[in-house]
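Since the structure of chain A is already known, use the hints to place chain B on it.
Just so you know, the protein sequences line up as chains A and B, in that order.
Under the working numbering, residues 4 to 344 are what the first sequence spells out, in order.
Under the working numbering, residues 4 to 344 are what the second sequence spells out, in order.
Derived by calculation from the structure, the hints in this document are not laboratory data.
Note: identical chains are not told apart, hence a pair may lie in one copy or across any two.
In the PhoX-like style, the derived pairs of lysine-lysine whose C-alpha atoms are separated by at most 25 Å in a straight line are: (1) Lys116 <-> Lys191; (2) Lys145 <-> Lys116; (3) Lys145 <-> Lys24; (4) Lys116 <-> Lys24; (5) Lys145 <-> Lys191; (6) Lys116 <-> Lys36; (7) Lys7 <-> Lys116; (8) Lys36 <-> Lys127; (9) Lys7 <-> Lys24; (10) Lys24 <-> Lys11; (11) Lys11 <-> Lys116; (12) Lys116 <-> Lys127.
Protein chains: 2
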Amino acid sequence: MSIKLNLKKDTIDLSHGAGGKAMAMLIDQLFRKCFDNDILAQQSDAAVLSLSAKRIAVSTDTYVISPLFFPGGDIGSLAIHGTVNDVALSGATVRYITVGLVIEEGFPLSDLKRIVESMALAAKLAGVCIVTGDTKVVERGKGDGVFINTTGIGVFDVDVNWQQRPQIGDKIILSGQIGNHGVAVMSKRQNLSFDSKIVSDSAALNGLIAQMRDSGCLIRTMRDPTRGGIAATLNEWAHQFGVGVHIDESNIPVHPTVQSACELLGLDPLNIANEGKLLAIVAAQDAEKLLAVMRQHPLAEQAAMVGEITEDRNHFVSLTTSFGGRRMVQWISGEQLPRIC
Amino acid sequence: MSIKLNLKKDTIDLSHGAGGKAMAMLIDQLFRKCFDNDILAQQSDAAVLSLSAKRIAVSTDTYVISPLFFPGGDIGSLAIHGTVNDVALSGATVRYITVGLVIEEGFPLSDLKRIVESMALAAKLAGVCIVTGDTKVVERGKGDGVFINTTGIGVFDVDVNWQQRPQIGDKIILSGQIGNHGVAVMSKRQNLSFDSKIVSDSAALNGLIAQMRDSGCLIRTMRDPTRGGIAATLNEWAHQFGVGVHIDESNIPVHPTVQSACELLGLDPLNIANEGKLLAIVAAQDAEKLLAVMRQHPLAEQAAMVGEITEDRNHFVSLTTSFGGRRMVQWISGEQLPRIC
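This is chain A alone, in the form it adopts within the complex (with noise of 0.2 Å):
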């Protein structure tokens, strides 16, 4: 194909998403050249993958997050960290990522270059291969920029499970300090400054497990808080598992900046997306194992044991405060940031 694309100057229209020339320039000229590896260069519909395993993980998230561009990431990268974190949350090794976006019309395909070389950077730093994807164009006001959805696929080379039911008494363990996505993406969003700029922990943490998972610890399971918070995750574990979590929120690690802005806006840490963190629910016996294990990694060093889970008909989420008060710890219902991820 012989024209060339302007990825300084031009836009994206509706032919990039028409399954002809321009979407295929486009492929070719963006996609391809960053994401290069066998698999994608089969250019067949499927991508056809050998594995090693007999079981596999698979997650899938669309990436809906305004603004595109935040301090500490963007959806690019958001999208590669936040799939390869589901992934990898089950025990399995993240291998291969698919993507598919829909791109509003218009959008400058200098933003979409960045975009998508911030995925591909992403991606090969969690040591994952792009393997498939599929690209929409949407008219004007019809869309919001460019959402991305990433399914990823894993496969178990250790024999771990990590959907176990807890027992009363488990240690509940939080990889680090909570809230700092969603405040950095609301200061952006409304031009906010701090004292210290906070900066979102987007991170894939495939790593960190890996090292948490051979520490030969007896996990019950993890879960990244993201959409909802720690709250969300702590609720819904006791949901799902008909048990009781009680917290210390002295325990929480919380940046300064981050709970005062959570003052000023009437906000709960608890409640606020994280990008970059794991709750691990691990068996009493090896808690101080795991958190001594986990604190080696740069992406825990404030690692932190946080609650325990207790026994309740009712499946609450207590907390005692740092004032030594008692309070629930509520699933809130409504949205408190929306688009956060």
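Quick look at chain B alone, frame taken from chain A:
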């Protein structure tokens, strides 16, 4: 969860995508009910799947069709059919589907229910299992009703390779009438009515493809001519494999109403999207046999041999017209019918 969704009257609001209680209710009371299966019931961010094969095929597509409901289908059934077909065309047996929804605020829950039920039925009929999903909600005016990403996974229980380079003289087989999907969608979109009603050909082709696979015929490759129509598929092949393609217009099945609609609207059926058709390249000696096998399947009763692979250093697609003339089959560069799938 005690609060019940009113599936007849409620509409989607931002809370349904916020990771809190409202989202959990939607998942519990609509998705989990419709897509009921053991894997989905794991309630984890990643689905864990057991596989019997060492090779899998993966394909992803986002569906942005407008209108959401059209003669012969809706975005839900289409999102299953399209992805099932892309995976099946690799030669794999399609097993699993993931679903990522982006819903616009204010979308009626009754319409969402219709779409989700349609997906569930299409998946059941195609013999595939919806194993995991994701829901996002965007503000009014930042989306268009519903966009659906589906990613499909198939396993190679029979060892086929349908990514072979075609040979000069290989035959091209088309499974039936072209243009029905595009014309059906357009007639609904523009409120056109024709003498006889044209319905979309949207269908899952995995049954037909399995019969073709089991026929023992030497199939080089297959593809479904969706966006851009058979003109796009044939040009992609010519470009990808470095060959020429020649087709014979009089052998291409076109419904008379589609033909007249195209003439009226200045469109070429060759450029119009299909959602239940396939094109196959087969070794010349097996072409008649394959055609006979295909015609026994209800979705390919009108299958036809439409052309062949030629030697052409320009990698052109040419056509002998019904009147005996000869012309090039253009790979359109702009969009003819946006949002067709």
